[in-house]
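Enquirer: Sequence:
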Amino acid sequence: MTDLATVTLPVATPRQARRILGQTLRPHWRAASLALTVLIGTVGAGLFIPPALGTLVDIVYTGGEHGDLTRPLVTLAVATLVQGALSSGGWLLIVQVGETALAGLRETVLGHALSLPQAEIERGGTGDLVSRVSNDVDKVSEALRRGIPQFLWSACAVVLTVGGLAALDWRFALAGLVSLPFYAWAARGYLTVSPPLFAAERRAEGERSQQLVETLGGFLTIQALLLGPRHLRRTDVRSEAARRASIKAMDTTAWFFSRIHLGELTGTGTVLVLGAWLVGNGDATVGEATAAALYFIRLYDPIGLLVNLLDEVQSATASLSRLVGILQVEAPARPGGPEPRDTTLTLRGVRFGYADGPDVLYGVDLEIRPGEHVALVGASGAGKTTLAALVAGIHEPRTGSIELGGTPLAGMSRADLARHITLISQEVHVFAGTLAEDLRLADADATEPHLREALSLVGAISWVDLLPDGLDTRVGTGGFALTPVQAQQIALARLVLRDPAVAVLDEATAEAGSAGARELEASMARVLAGRTALLVAHRLTTAAAADRVVIMRDGQIVEQGPPSELATRGGPYSELWHAWQTHR
1048 MTDLATVTLP VATPRQARRI LGQTLRPHWR AASLALTVLI GTVGAGLFIP
1098 PALGTLVDIV YTGGEHGDLT RPLVTLAVAT LVQGALSSGG WLLIVQVGET
1148 ALAGLRETVL GHALSLPQAE IERGGTGDLV SRVSNDVDKV SEALRRGIPQ
1198 FLWSACAVVL TVGGLAALDW RFALAGLVSL PFYAWAARGY LTVSPPLFAA
1248 ERRAEGERSQ QLVETLGGFL TIQALLLGPR HLRRTDVRSE AARRASIKAM
1298 DTTAWFFSRI HLGELTGTGT VLVLGAWLVG NGDATVGEAT AAALYFIRLY
1348 DPIGLLVNLL DEVQSATASL SRLVGILQVE APARPGGPEP RDTTLTLRGV
1398 RFGYADGPDV LYGVDLEIRP GEHVALVGAS GAGKTTLAAL VAGIHEPRTG
1448 SIELGGTPLA GMSRADLARH ITLISQEVHV FAGTLAEDLR LADADATEPH
1498 LREALSLVGA ISWVDLLPDG LDTRVGTGGF ALTPVQAQQI ALARLVLRDP
1548 AVAVLDEATA EAGSAGAREL EASMARVLAG RTALLVAHRL TTAAAADRVV
1598 IMRDGQIVEQ GPPSELATRG GPYSELWHAW QTHR
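If you're matching positions, the sequence shown starts at 1048 in the numbering used here and goes up one per residue.
Bear in mind the hints are in silico, worked out from the structure with no lab data behind them. Computed from a predicted structure; not experimentally measured. A virtual CB, placed ideally from N, CA and C, is assigned to each residue, including glycine.
Now the in silico label distances, taken between C-beta atoms and shown as ranges: (1) Glu1568 <-> Thr1147: 46 to 52 Å; (2) Asp1298 <-> Ala1231: 17 to 23 Å; (3) Val1326 <-> Asp1298: 41 to 47 Å; (4) Val1121 <-> Ser1305: 37 to 43 Å; (5) Asp1601 <-> Ser1503: 40 to 46 Å; (6) Ala1576 <-> Gln1063: 47 to 53 Å.
Construct all of the structure, not just a fragment, from the sequences and the given hints.
Expert: Okay, structure coming up:
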């Protein structure tokens, strides 16, 4: 099994991540500037509140007239209303900018991931990719929607509030700055220690996700081989590693906030002592001292947010680095070659192995003529699925070549490959949405008559017409549950709509029962008529219906020929055929 601790998708540096973030936000700078201006106005409106409260204190303390209360009370009311209105508008703008920018980043990353060879994704682990485009996107989303705007708002609030203190008396501003060394001490220590801790936390969560994906994806196999306890132990190890990484990050955060609270206590005490001294000397009124104390207390929120956001920003930066890391995996250049002259598939001296492992295919030579149906037969691990994946262009051989009509697959663009060759695997995916939307993934311009024609060809139209909303019935996650046979029929219908010249079917009837397999085999015969086809045969009835059978063993072709001839030749296929006939 892959060592998840050493083989993962790359992680970008913080500098690279910030550069990509800047590029993502640049198209939205006008809306972002407007939002920031509105939020600064929010801070400015709030600055009128402490002096108004101080004036009220002086009026009450000196026994002033009731009429004197009108002006400060009006000021309080207007400042509060303006602050509330500007705050709502500013945050609404910020959410729009952040979510729009993040949607663009998410689509860019996912689009790039979908353009990568499957081998690159498998090497890093699908769980790692899922963790990046889900958990890490959530972290970045929270930072864009809340963290960055609050950080900027807090910074403005601190500067303007210190200015408000200085407007009362410059000595109040100096007293407030007494707490600054505590904040600097805390921030410096935190910024030094936290980045690797948050990176480790994100990495541990990705490894845990990968383990969960492997366990849940292979649930039936794990049950059949009684591997449950082993996978539970592995899940425990990954979960414990993630828990320890999270606790380390939380311990650092707790240390950080204890220093911050010490700074708040020191600053508040200094302002109060100074205020009492100034009032005693007649240099300030009780109301002005009260306003100074309120100004400093109002610093708690922005400073608290600033330091709290250091925690969030560090976590989001680690997530952004993992997200941007996907963009660092280079998709191989496939400029495109000449149009294939026909649908002849030719494999010459093909050798292949996964990642840095040993070869699993050894010098495979095979030619499939236009319109010919060839069935691959062999024991599990013989190399059938690997060979099918190579023919479909998912992997590239280490040595040797694979050509379609004289054009090497390695030189064809992915769009050309998809246009000429379609793979249907044993594990068919039904996408969430309506059935019509699922089918139009193969042909976005297909009309309803075209969809119905494809469904009719694969024998699915009868049960589709019985669905609650027909083609508009929602399927996939949270929708109408299709049977394995129905799901394969939908996959075959997508192949009909795609209309490739070459079809590769990897054990397409394996998940169906006997009756279902016969139904699918009939559907396959209609769909494959006139196409070149490579079939990984799970059932010998599929092989018997093919034009030629290729027997594989240990990554090599050991026998091939028409099934009727092979059945009487006395070789490996004959043994399989007679054993199957005996136990039917």
